[in-house]
Amino acid sequence: KNQVEQSPQSLIILEGKNCTLQCNYTVSPFSNLRWYKQDTGRGPVSLTIMTFSENTKSNGRYTATLDADTKQSSLHITASQLSDSASYICVVTILNFNKFYFGSGTKLNVKP
Amino acid sequence: NAGVTQTPKFQVLKTGQSMTLQCAQDMNHEYMSWYRQDPGMGLRLIHYSVGAGITDQGEVPNGYNVSRSTTEDFPLRLLSAAPSQTSVYFCASSYSFPQGGNSPLHFGNGTRLTVT
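Protein sequences appear in the order of chains A and B. Counting from 1, one number per residue, gives the positions in the first sequence under our numbering. Counting from 1001, one number per residue, gives the positions in the second sequence under our numbering.
It is possible that some hints are incorrect.
Quick list of the computed label-pair ranges, beta carbon to beta carbon [to be verified]:
#: 1; chain 1: A; residue 1: GLN72; chain 2: B; residue 2: PRO1075; range: 35 to 41 Å
#: 2; chain 1: B; residue 1: GLY1040; chain 2: A; residue 2: ASN18; range: 24 to 30 Å
#: 3; chain 1: A; residue 1: SER83; chain 2: B; residue 2: GLY1003; range: 17 to 23 Å
#: 4; chain 1: A; residue 1: ILE13; chain 2: B; residue 2: MET1041; range: 21 to 27 Å
Okay, the calculated bits of chain B under chain A, using three or more residues with CB under 8 Å as the criterion [what the hints assert, rightly or not]:
#: 5; stretch: 1011-1023
#: 6; stretch: 1044-1054
#: 7; stretch: 1074-1081
#: 8; stretch: 1105-1116
Below, in silico cross-link-like pairs of lysine to aspartate or glutamate (EDC-like), each with a Cα-Cα straight-line distance of 20 Å or less [what the hints assert, rightly or not]:
#: 9; chain 1: A; residue 1: LYS107; chain 2: B; residue 2: ASP1038
#: 10; chain 1: A; residue 1: LYS17; chain 2: A; residue 2: ASP84
#: 11; chain 1: A; residue 1: LYS107; chain 2: A; residue 2: ASP84
#: 12; chain 1: A; residue 1: LYS99; chain 2: B; residue 2: ASP1056
#: 13; chain 1: A; residue 1: LYS71; chain 2: A; residue 2: GLU54
#: 14; chain 1: B; residue 1: LYS1009; chain 2: A; residue 2: ASP39
#: 15; chain 1: A; residue 1: LYS57; chain 2: A; residue 2: ASP67
#: 16; chain 1: A; residue 1: LYS71; chain 2: A; residue 2: GLU15
#: 17; chain 1: A; residue 1: LYS111; chain 2: A; residue 2: ASP84
#: 18; chain 1: A; residue 1: LYS107; chain 2: A; residue 2: GLU15
#: 19; chain 1: A; residue 1: LYS99; chain 2: B; residue 2: GLU1030
#: 20; chain 1: A; residue 1: LYS111; chain 2: A; residue 2: ASP39
#: 21; chain 1: A; residue 1: LYS99; chain 2: B; residue 2: GLU1059
#: 22; chain 1: A; residue 1: LYS107; chain 2: A; residue 2: ASP39
#: 23; chain 1: A; residue 1: LYS99; chain 2: A; residue 2: GLU5
#: 24; chain 1: B; residue 1: LYS1009; chain 2: B; residue 2: GLU1030
#: 25; chain 1: A; residue 1: LYS71; chain 2: B; residue 2: ASP1038
#: 26; chain 1: B; residue 1: LYS1009; chain 2: B; residue 2: GLU1059
What the hints contain is simulated information worked out from the structure, not anything from laboratory work. Source: prediction; values computed, not measured. We put the CB at the ideal spot given by N, CA and C, even for glycine.
Using the sequences and the hints, build the whole thing.
In structure tokens, the structure reads:
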């Protein structure tokens, strides 16, 4: 069964600190992996999209990494801000199917 | 561009009632989809469409119908509401199809549905 697992489920950090969120997937054959940010009461917003040939991609203070061999990805947030408080969702697509596979998300709480 | 617009934002239904959740996008995207989001679970695909006149089922299609008569609109119909359909519903669209495409999925801000 194609699955996307994220860890941790929730995380609390102090403003200004860094953090790393994890995503492991079993979907195959892999096409691309995406990270989305979802603020409370809003729809998810795209942060990064990576194909199997890309190891890393940045979007401001957000840096995503991908290891297609081990089927793992991480999202690193640098110098966290209060506005980073949100859920972060890992999404994977496969080559022969017109669907997105969603992880259940990591809920990040940045405290002052 | 308004992006993806969903209406209504909130809705309360009684068991057995029917209703339509509206979704419209102004980005000329071919791919559109509906998801439900429940606490502790990832977004689950209800139905999707790869163009006007073409729809297909996702993971959890039972109790829902869709149609795609135009590129812009993709309404979701609840045929006979049940408490198990209490959820937040998101519509999303993309320029490219998931398989092999690298365009981001654009989401609306959701419809919060309660069925009593």
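**Prompt:** Hint numbers the structure violates, sorted upward?
**Reply:** 5, 7, 16, 24, 25 and 26
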